[in-house]
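Undergrad: Order-wise, the sequence lines are chains A and B.
Residue numbers -19 to 470, in the numbering used here, belong to the letters of the first sequence in order.
Residue numbers 1167 to 1642, in the numbering used here, belong to the letters of the second sequence in order.
A few of these clues could be false.
The calculated lysine-lysine pairs, modelled on DSSO-like cross-linking and capped at a C-alpha distance of 27 Å, are [unchecked claim]:
{"hint": "1", "chain 1": "B", "residue 1": "Lys1300", "chain 2": "A", "residue 2": "Lys313"}
{"hint": "2", "chain 1": "B", "residue 1": "Lys1603", "chain 2": "B", "residue 2": "Lys1637"}
{"hint": "3", "chain 1": "B", "residue 1": "Lys1238", "chain 2": "A", "residue 2": "Lys356"}
{"hint": "4", "chain 1": "A", "residue 1": "Lys457", "chain 2": "A", "residue 2": "Lys233"}
{"hint": "5", "chain 1": "B", "residue 1": "Lys1238", "chain 2": "A", "residue 2": "Lys353"}
{"hint": "6", "chain 1": "B", "residue 1": "Lys1295", "chain 2": "A", "residue 2": "Lys321"}
{"hint": "7", "chain 1": "B", "residue 1": "Lys1270", "chain 2": "B", "residue 2": "Lys1378"}
{"hint": "8", "chain 1": "B", "residue 1": "Lys1238", "chain 2": "B", "residue 2": "Lys1184"}
{"hint": "9", "chain 1": "A", "residue 1": "Lys313", "chain 2": "B", "residue 2": "Lys1295"}
{"hint": "10", "chain 1": "B", "residue 1": "Lys1300", "chain 2": "A", "residue 2": "Lys320"}
{"hint": "11", "chain 1": "A", "residue 1": "Lys236", "chain 2": "A", "residue 2": "Lys204"}
{"hint": "12", "chain 1": "A", "residue 1": "Lys332", "chain 2": "A", "residue 2": "Lys353"}
{"hint": "13", "chain 1": "B", "residue 1": "Lys1300", "chain 2": "A", "residue 2": "Lys321"}
{"hint": "14", "chain 1": "A", "residue 1": "Lys320", "chain 2": "B", "residue 2": "Lys1295"}
{"hint": "15", "chain 1": "B", "residue 1": "Lys1337", "chain 2": "B", "residue 2": "Lys1465"}
Since the hints were derived computationally from the structure, they do not count as laboratory data.
Okay, here's what each chain looks like letter by letter:
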Amino acid sequence: MELNTLTCHNLIDLLYKKTISPIDICNSIIDRIEKTEKRLNALAHFDKEKALERCKSLKKGPGQGSLWGIPIFIKDNICVKNEMTTCSSNILQGFNPPYNATVIEKLISLDAVLMGKTNMDEFAFGSSTETSCYGPTRNPWDLDRIPGGSSGGSAAAVAADEAIFALGSDTGGSIRQPASLCGVVGLKPTYGRVSRYGLIAFASSLDQIGPITKDVEDAAILLKAIAGHDEMDSTSADVPVSDYVSGIKKGIKGLKIGIPKEYFIEGMDQEVKDSIKSAIKKLESLGAVCEDMSLAHTEYAVSVYYLVATAEASSNLARFDGVQYGMRAEGIKSIIDMYKKTRREGFGDEAKRRIILGTFALSSGYYDAYYLKALKVRTLIKRDFDEAFKKFDVIVTPTSPTPAFKIGEKISDPLTMYLSDIFTISANLAGIPGISIPCGFTKNHLPIGLQILGKPFDEETVLRVAYNYEQNTEWHKQKPNFTNGAMHHL
Amino acid sequence: MSYEIVIGLEVHLQLNTKSKVFCGCSTDFGAGPNTQTCPVCLGFPGSLPVLNRRALELGAKVAIALSCQIAKSIRFDRKNYFYPDLPKDYQISQFDQPLAQHGKLSIINGEAGKDIRIRRVHLEEDTGKLFHQKDSSLIDFNRCGIPLLEIVSEPDINSPEEAYLYLTALKSILEYIDVSDCNMEEGSLRCDANISLRKKGGRELGTKTEIKNMNSFKGVRLALEYEARRQADLLVSGQRIVQETLLYNAEKGITEPMRSKEEAHDYRYFPEPDLVPFNLEKGLLDAIEKDMPELPEPKKNRFIKDYQLSAYDAAMMVSDKGMADYFERCAALYNNPKTIANWLMGDVSAYMKNNNLRIMDLNLKAEHLSGMIKMIDSGVITGKVAKELLIEVIQTGKGPEELVREKGLEQISDHGLLDLAINQAIAENPKSAEDFKNGKENAIMFLVGKVMQKTKGRANPGIVNDKLRAKLKGAK
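My request is simple: use the sequences and hints to build the entire structure.
TA: Printed below as a string of structure tokens:
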């Protein structure tokens, strides 16, 4: 059996029965990476000796932490103590944080094995993982295509069985969209559900860390592991964490599902549309009550997002100035010269574009017209959801308007690229949880994702709907085959 | 044409919390460079601020002491600018919803009182400190993240002297409520001033300049005096005032334009997304109000009423909380508050000033000072002896009674001994004796002085005076 192809909950069973050891899993992951990583480029930093060492230094188990011996990959914007953490940016080359993110502390305390860091769009700015300083990650379902982004490395690694599961971060869809495009499960928790301490901020009011996994049960397990209030993060909520794994196995009979008409737009891919319609029928057949509804301010979400997110980013990224850590440009003459050269050489084009956009939006004379107005419309978008959730338990939509596009196809056209997140952004603006799960394939065998949005802190219902759907379909069992040059198989 | 001076002051105050405003690092002054830092105050990527409630409470305490209205919900904003002493390249501060607004501070200029309105009080984080070397600069981030309270006055201050009095009164209140060390040299209190001139009786404000880099209250007064003159000279000669930031050069006693290009900064303020809004619960504010010590103004009024001090003496006694407490301790031990106040303002203050000591650092027990005054009043020692005795008490820590006994400093009222000294004095100074006899009233003082000299100040001056008069008049 190839252990790397299994899920976390499969492995926990095997480890408990002592038929396998953590080293076996680790070796199987390493073998897979050696075979596939050259083609995928899903990882930003991976040192197999270090991974093995961590595995060997585990306390004797099983019966230790709930993730004892389970390997996990981490998106490169989450700080791991003394491990290079770069956000796939040149400006953070050489940055070894002197501390762990809170989620990392939690994983370590549960005896998970940190394997390495996954590739991403630079500072999570992108929907394709093409803006990474390490080069683009490829989609395991079609190596000529992007895996989505910005957590494209995590999604591709999980889809290609280089990872059992991984952590991503989601600011406007960066977990759900790549999960959708790679045919895996990606969950963005409620804002405040998971501590952001140690997540290198893109947009502080939107960022959340979440799981990217092979099935819904693993998403429940990983969410349970990382969720909870953290004194180090004032924006983390003091709301009890449910036992998601037992919660998801209940049925969905009588559950009310809203289908927002604004999410079925002109120009969206017909195959995506059809798959979502079938998925809705499936949910109905499982006893859910689906009803068309409206989220009236949806059309403004992308505009609002690109003001709020860039404004916050322009401020969050100011600290990369060459003074304390990361890269400092050579041959500098003055402090201003150091700032300019370091940032000119250190940031890629998309990072610069967003810093400039955000700086402009916050500038005196423009603040009211852009940033302040965006905040007001954000409130309206949130109210849409508040209203909707008075009536519906969850809302179901497509995750992405299209399946994975070709590498290079949209990179020179930022506006088209920004529209890739059109269906995922609202959840971040409203702070609500959302999951993407596999719900079909195009005729070219590209995965399609179903998005399920829920009430704040009601990840349990989101996961339950996802689990019920998944257990009654076969999509999540499909594996890409790209190792022999073949692009797809079923 | 005559001009009126218009001044507004911005005071930055380090609050004396144990830990910094957004992390747990110590705020102690004087530790080795960068030893009191952590990922949060160093602004490392991924780190997040968590508000120190104590800083908010101390800020609220100041706001209440300055009669401000406190905001119901406290929000922080980011002030964005690039500078190496600011590790995140933005400062967490407060912009359009400050902690408190609309307060006032009373000052007394001569006999007249005046209220200076406080525009706003807000909480922010301090920056690091730069040390420039020949070819490089070093940064110490220990100071970075220390809670800083900015107290901004309305432009109600109309002279450099009033500015000085405002600062003194503010410092006095701040010390009373024990929220800061208020030490300008250590930088725990800093002050910037805005100053402009307007035509007397006019309403329109003139162009203002901002003065920075003043490191004492006297420096503030001197800088403002200089700047007011400079502006007046410009206006009188028909020139324009340029709105700019000036640095005070204490050595030369002048203000100079800041050398760096002072572009109009756009700080791009926006709400700090890493901190949720905080509510100051009514209960907490009530508790702060309840725990508020008696402030200088009410204390002064009480001193006038309870101790029959003059307004001036009372103001002097309450200007420093340590002094006021000390005064009350002495007055409780011996009921002669007026004389106690005189000694505190006179010899005790002089000694403190000469030795750069505060009353609490002074080795002078309240029992000793009040005991000594009692000895004067009851005629055991003379006032002249007491002056030297005071220093002796401070330096040895011994009680005045013990020292008087040891050194034999009791006042001499023994007529035989006094007669001896008086006869000697007259014999040695026949001219003065003659002068007095001829009606020169002043000459008697000279002779009394001589007798005091001979008795090392221990002679009872009243008796000496009487005896001398009797002797010289009788001899006439």
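Undergrad: Are there hints from earlier that the structure breaks, and if so, what are their numbers?
TA: Checked against the structure, no hint fails, so every one of them is satisfied.
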